[in-house]
Amino acid sequence: MILYSIIPADVVFGNYFGKNADEYSLKEILYEGEKVEVIPMSNNTYKVNRIISTEPKAYLNPKLMPGSVIESLK
Amino acid sequence: MNTDNNKVTLNKFSSDEENIQESSKEDIQELKELGKSTVKSKRGNIHCLTVIGQIEGHIVLPPQNKTTKYEHVIPQLVAIEESEDIDGLLLILNTVGGDVEAGLAIAEMIASMSKPSVSLVLGGGHSIGVPMAVATKYSFIAPSATMTIHPIRLSGMIIGVPQTFEYFDKMQERVVQFVSKNSKISSETFRSLMLKTGELANDVGTILFGEEAVKHGLIDETGGLHEALNKLYELIDLKKGEDANICLDEKGGV
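In order, the protein sequence lines correspond to chains A and B.
Note that this note's numbering numbers the first sequence so that position 73 is 73, with each residue one more than the last.
Note that this note's numbering numbers the second sequence so that position 175 is 249, with each residue one more than the last.
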């Protein structure tokens, strides 16, 4: 792979095998018909991290706002 | 604590909105069942693709990087091109570069779409962000945004033979060719910007500010969201007009 970026490669790939990797465990789920990236929390709940969608209206849905909590996946 | 507060306000907000939301949801459902298109704004229905951080391709980048993933973007572009409800694409770029193959793939996809597309570079559209910015039918750059053009390089272990250099030259040529084909800049000018010395502190290359990028012909115009949206709707109207003409021609022929 050729990285064509202004960020130096050692910054991009730094900590690759470090223990930090576990802290950022993000999941992608389908919620409200849109693909969202969530942070798993305790009790089977998830916190919305970001929306992965090109539909502008999805960003106005309060349930999908970053930081809002999804109670269960159903 | 902060997140808890957020949660409370969000919940309140959503409960207030619930009734309105539900009725509008029914409307949408009805429209879908009747086979009609989804709710549109007066000027047309657009989708917005935001490209942030690194472009991620064949290798999953470590989690401290913010990335835009190839496998997310490509199917979205196909869906946008195929959907009858979507009239155009607004591409918003604020990227530091990334995987050459993934970046070029996304750029080629956008360039080969039949639907109107407009790009807007905000903050920065560096390295592989440059071909992505020029891939759309029309491009904008915010006056304060910058674009860094520099040679492709590789860190880590390489085999020190002349072929390695040639391989790099070829990889770089792919970017140069794409950019010169999809914008008003010539390949010679772009290459000379790429190899310029004395502009970057510890590297070869050039940083172009908004106005300079337009002056070199890399980007079509400086502007912001309003200008980009206006241009996109203008292109959509133009396309609708063309489509209508084609329909009339076909009828006339028969």
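Careful: at least some of the hints might be erroneous.
Simulated crosslink set (DSS-like; lysine-lysine; CA at most 30 Å straight-line) [stated by the list, open to error]:
1) B/Lys116 x B/Lys140
2) B/Lys314 x B/Lys189
3) B/Lys244 x B/Lys255
4) B/Lys140 x B/Lys189
5) A/Lys57 x B/Lys244
6) B/Lys270 x B/Lys258
7) B/Lys140 x A/Lys63
8) B/Lys258 x B/Lys244
9) B/Lys314 x B/Lys116
10) B/Lys270 x B/Lys313
11) A/Lys57 x A/Lys27
12) A/Lys35 x B/Lys189
13) B/Lys258 x A/Lys57
14) B/Lys270 x A/Lys57
15) B/Lys255 x A/Lys35
16) B/Lys116 x A/Lys27
17) B/Lys313 x B/Lys258
18) B/Lys289 x A/Lys27
19) B/Lys143 x A/Lys47
20) B/Lys189 x B/Lys270
21) B/Lys116 x A/Lys57
22) A/Lys47 x B/Lys140
23) A/Lys57 x B/Lys255
24) B/Lys189 x B/Lys289
25) B/Lys143 x B/Lys189
26) A/Lys35 x B/Lys289
27) A/Lys63 x B/Lys255
28) A/Lys63 x B/Lys244
29) A/Lys35 x B/Lys270
30) B/Lys289 x A/Lys57
Treat the hints as calculated values from the structure; they're not laboratory data.
Each hint tested on the structure:
1. Among the hinted pairs, lysine 116 of chain B with lysine 140 of chain B is inconsistent with the structure: their alpha-carbon atoms are about 35 Å apart, more than 30 Å.
2. For the given pair, lysine 314 of chain B sits about 10 Å from lysine 189 of chain B by alpha-carbon distance, which is consistent with the 30 Å threshold.
3. Between lysine 244 of chain B and lysine 255 of chain B the CA atoms are separated by roughly 16 Å; this keeps the pair inside 30 Å, and the hint holds.
4. Of the supplied pair hints, the one linking lysine 140 of chain B and lysine 189 of chain B holds, its CA atoms being roughly 28 Å apart against a limit of 30 Å.
5. For the given pair, lysine 57 of chain A sits about 42 Å from lysine 244 of chain B by alpha-carbon distance, which is inconsistent with the 30 Å threshold.
6. As the CA atoms of lysine 270 of chain B and lysine 258 of chain B are separated by approximately 20 Å, the hinted pair is consistent with the 30 Å bound.
7. A hinted pair counts as satisfied when its Cα atoms are at most 30 Å apart, and lysine 140 of chain B with lysine 63 of chain A qualifies at roughly 23 Å.
8. With a C-alpha separation of about 22 Å, the suggested pairing of lysine 258 of chain B with lysine 244 of chain B holds against the 30 Å cut-off.
9. Simply put, lysine 314 of chain B and lysine 116 of chain B have alpha-carbon atoms about 14 Å apart, close enough for the 30 Å limit, and the pair holds.
10. As the CA atoms of lysine 270 of chain B and lysine 313 of chain B are separated by approximately 40 Å, the hinted pair breaks the 30 Å bound.
11. For the hint linking lysine 57 of chain A to lysine 27 of chain A, the alpha-carbon distance of about 22 Å falls within 30 Å, and the restraint holds.
12. This hinted pair checks out: lysine 35 of chain A and lysine 189 of chain B have alpha carbons roughly 23 Å apart, not beyond 30 Å.
13. Under the criterion of a C-alpha separation no larger than 30 Å, the hint pairing lysine 258 of chain B with lysine 57 of chain A is inconsistent with the structure, at around 34 Å.
14. At roughly 44 Å between alpha-carbon atoms, lysine 270 of chain B and lysine 57 of chain A are farther apart than 30 Å, so this suggested pair is violated.
15. Our distance criterion of 30 Å between C-alpha atoms is broken by lysine 255 of chain B and lysine 35 of chain A, whose separation comes to about 34 Å.
16. Simply put, lysine 116 of chain B and lysine 27 of chain A have alpha-carbon atoms about 36 Å apart, too far for the 30 Å limit, and the pair is violated.
17. For a cut-off of 30 Å, the pair hint linking lysine 313 of chain B to lysine 258 of chain B stands: about 22 Å separates their Cα positions.
18. Annotation: proposed proximity of lysine 289 of chain B to lysine 27 of chain A is violated, straight-line Cα distance about 43 Å (limit 30 Å).
19. Note on lysine 143 of chain B and lysine 47 of chain A: the hinted pairing holds, with a Cα-Cα distance of about 20 Å set against a maximum of 30 Å.
20. Simply put, lysine 189 of chain B and lysine 270 of chain B have alpha-carbon atoms about 36 Å apart, too far for the 30 Å limit, and the pair is violated.
21. Among the hinted pairs, lysine 116 of chain B with lysine 57 of chain A is consistent with the structure: their alpha-carbon atoms are about 15 Å apart, no more than 30 Å.
22. Taken as a hint, the lysine 47 of chain A and lysine 140 of chain B pair is honoured in the structure, with Cα atoms around 18 Å apart against an allowance of 30 Å.
23. Between the alpha carbons of lysine 57 of chain A and lysine 255 of chain B the distance comes to roughly 34 Å, so the proposed pair goes past 30 Å and is violated.
24. At roughly 27 Å between alpha-carbon atoms, lysine 189 of chain B and lysine 289 of chain B fall within 30 Å of each other, so this suggested pair holds.
25. Using a Cα cut-off of 30 Å, the hinted pair lysine 143 of chain B and lysine 189 of chain B holds, with the two alpha carbons roughly 22 Å apart.
26. About 39 Å separates the Cα atoms of lysine 35 of chain A and lysine 289 of chain B, which puts this hinted pair outside 30 Å; it is violated.
27. Between lysine 63 of chain A and lysine 255 of chain B, the direct Cα distance comes to roughly 43 Å. Violation of the 30 Å bound is thereby established for this hinted pair.
28. Our distance criterion of 30 Å between C-alpha atoms is broken by lysine 63 of chain A and lysine 244 of chain B, whose separation comes to about 47 Å.
29. A distance of roughly 42 Å separates the Cα atoms of lysine 35 of chain A and lysine 270 of chain B; the hinted pair therefore is violated under the 30 Å criterion.
30. Distance restraint check for lysine 289 of chain B and lysine 57 of chain A: the Cα-Cα separation of roughly 35 Å exceeds the 30 Å cut-off, and the hinted pair is therefore not satisfied.
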